[in-house]
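Starting from the given sequences, assemble the full structure and let the hints guide the process.
Letter by letter, the chains look like this.
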Amino acid sequence: MLIFTMRVQQETFEVRTKGKGTYEITDEVQAKIDKSGVQNGVVTIFVQHTSCSLTMMENAAPAARRDVERFFEHLVPEGADYEHDDEGPDDMPSHIRMVLTRTSESVPLVDGKMQFGTWQGIFLFEHRREPHWRRILVTIIGE
Amino acid sequence: MLIFTMRVQQETFEVRTKGKGTYEITDEVQAKIDKSGVQNGVVTIFVQHTSCSLTMMENAAPAARRDVERFFEHLVPEGADYEHDDEGPDDMPSHIRMVLTRTSESVPLVDGKMQFGTWQGIFLFEHRREPHWRRILVTIIGE
Amino acid sequence: MLIFTMRVQQETFEVRTKGKGTYEITDEVQAKIDKSGVQNGVVTIFVQHTSCSLTMMENAAPAARRDVERFFEHLVPEGADYEHDDEGPDDMPSHIRMVLTRTSESVPLVDGKMQFGTWQGIFLFEHRREPHWRRILVTIIGE
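Here the protein sequences come in this chain order: A, B and C. Quick note: to get this note's numbering, add 5 to the position in the first sequence (first position is 1). Quick note: to get this note's numbering, add 5 to the position in the second sequence (first position is 1). Quick note: to get this note's numbering, add 5 to the position in the third sequence (first position is 1).
Because the hints were derived from the structure by calculation, they are not lab data. Note that the structure is a prediction, hence the values are computed from the model and not measured. The C-beta atom is built at its ideal place from N, Cα and C for all residues, glycine as well. Treat the hints with care, as some may be off.
Said to hold, decoys possible - Calculated lysine-lysine pairs in the DSSO-like style (CA-CA distance at most 27 Å, straight line):
1. A:40 - B:118
2. B:40 - B:118
3. A:118 - A:40
4. C:40 - C:118
5. C:40 - A:118
6. B:40 - C:118
As the list claims (entries may be wrong) - Per label pair, the in silico range of CB-to-CB distance:
7. B:44 - C:67: 40 to 48 Å
8. B:10 - A:94: 45 to 53 Å
9. C:67 - B:123: 39 to 47 Å
10. A:136 - C:138: 38 to 46 Å
11. A:26 - C:17: 31 to 39 Å
12. A:26 - B:83: 30 to 38 Å
13. A:86 - C:138: 42 to 50 Å
Stated by the list, open to error - Which residues of chain B face chain A? A few of them, derived with a C-beta cut under 10 Å, are:
14. 46
15. 47
16. 105
17. 147
What follows is the structure, given as C-alpha cells:
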C-alpha cells in the first residue's frame, strides 16, 4: 500500500523597509523552510503589495544592486506626467516597477534547502520613499 | 497511519477582451478555487498566449491602470522598426510586453481564499488591438 | 479509505549557450516530465543564475525572437555608465535583463504534457557574450 507524505505549510513574515532599495530576504525564507521540516518540493514566495515587488539578484555585489535601482529610477521616473498621483510622486512609479518585476517567485527545495545558484538571492524591492512594513507569504509544498 | 489529502485540480476559463488594456480576472479565478473545495495550498494562474500576459495590479484605482497601459505604449511603441510585423503594428509590441510582464503567477491559498493584499488583484493584460478570446488555466494544489 | 498519490520529482539539465540570445528548452523540460511519469499537476522551471533568465516566447517566428533580443539591447545598453562592471560591459546589463524577465516559470501539466498554447515555448535567455553552461532545475509536483 502506497502512502505519500506530501503536505503544504504556510508561513508569514514582515520586512521593515527604510525607503527605496533592495532588501535581501533569503535567510528569512530559509528559516521558515527549516521550521516546516519539508525536505523536497517547491517554495513559493509571494509579496502582498502593489507598491513593492520581488526580484532575484546577485547577492555578493552591492554595486550591482545600486545599478539595478538606478536603472529603474531612469526607466520609470518620478517626474513623469502620471494621471494617478494620490500618494505623491513615488506612487505611480511604484506600481509600474512592480509590474516590471515580480510578485511571486517559486524556488525548488532539495534536502531542505532552496536550490539557489552560488550568487543568487531573493530580495524585496521597495519602490516607496517612506519606511513600510511589507508582508511576505511563504508556501512550502513537498514531502 | 498517516493519510494525506493533498490533491491537484485543473480548471480553465476564457476571457473576452475588447482591445488593449487590463481586465481583472480575480473573481473568475476565485470561483474555480471555490468549486475545487481546496482550502490550503497554492493556485497557479497561467495564460496560454504570447500576445497577452498576466499582471498583478492595484484593483481600486482605474487611473493607475491607465498609467501602466500608457507606460507600456511608450516603452514598447507600435511605430518602432520591428523585423517581425506579419500581423500589423501591434504584433511585435505584444510579444515584447508579454516578455516584460508575466505568463504565470502563483498565489497562496488559505481557508479557500487567495491571500491577496487589500489592493491586489490579478489582471489579464491584453496587448492586441482586436478583440480576442484568451484562455486561462488555473491549477490548484493543496489539501 | 482515500489514499492520494501526489508526489514531487526533481530533475536537472544543462544548456550550452553560444553567446547572447534565446534558446528554446521546451523539449528538454518535457523529456524530464515524461521520465517522471507524473500526469497532472504543475512543473516549475528555475534557472540557477543571475546573468541569464527564462522567458516564454513565440516559438515559430525567429524574427520575433530577434526583435525581442534587439529590444533588450536598446533598453539595457552595454555602453551605459554602470558602477558594477567587474566582468566587462555585458556584466551589469545581464543582471538588469534578468530582473526584467523571469527566473522561474510554472506551467500546468495535464495528461503528462505541459499545457502550452499553440505558439508558446519556454526559452533560456542568455545575456552574456561568452558561451556558458546554464543549469535548469525542473520540479514536477502532481499525481
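Quick one: are residue 26 (chain A) and residue 83 (chain B) within 30 to 38 Å, going by C-beta?
Between residue 26 (chain A) and residue 83 (chain B), where Cβ atoms are some 34 Å apart, the hint holds.
Take a look at whether the Cβ-Cβ distance between residue 86 (chain A) and residue 138 (chain C) falls inside 42 to 50 Å.
The hinted range 42 to 50 Å holds for residue 86 (chain A) and residue 138 (chain C), with Cβ atoms some 46 Å apart.
If I claimed the Cβ atoms of residue 67 (chain C) and residue 123 (chain B) lie 39 to 47 Å apart, would that claim hold in this structure?
Taking Cβ atoms as reference, residue 67 (chain C) and residue 123 (chain B) lie about 44 Å apart, which means the hint holds.
Hinted contact residue 46 (chain B) with chain A - closest CB pair below 10 Å
Since the shortest Cβ distance to chain A is 5 Å, the answer is holds.
Let me know if the C-beta of residue 105 (chain B) comes in closer than 10 Å to any C-beta of chain A, holds or violated.
Check passed: Cβ of residue 105 (chain B) comes within 6 Å of chain A, closer than 10 Å.
Restraint check for residue 40 (chain C) with residue 118 (chain C), where alpha carbons must lie at most 27 Å apart:
Cα-Cα ~12 Å, so holds.
Does the beta carbon distance between residue 10 (chain B) and residue 94 (chain A) stay inside 45 to 53 Å, or does it fall outside?
Hint holds: Cβ distance 50 Å, inside 45 to 53 Å.
Does residue 118 (chain C) sit within 27 Å of residue 40 (chain B), going by the straight-line distance between their CA atoms?
Roughly 24 Å separates the two Cα atoms, so the pair holds.
Run the distance test for residue 40 (chain A) versus residue 118 (chain B): straight-line Cα separation, threshold 27 Å.
24 Å, holds
Quick one, is the residue 147 (chain B) hint okay against chain A at 10 Å, beta carbons?
It holds, given that the least Cβ distance between residue 147 (chain B) and chain A is near 5 Å, below 10 Å.
Quick one, are residue 118 (chain A) and residue 40 (chain A) close enough, alpha carbons at most 27 Å?
Between residue 118 (chain A) and residue 40 (chain A) the Cα gap is close to 12 Å, so the pair holds against 27 Å.
Keeping to a limit of 27 Å between CA atoms, is the pair of residue 40 (chain B) and residue 118 (chain B) held or broken?
12 Å, holds
When the structure is compared with the earlier hints, no violation turns up for any of them.
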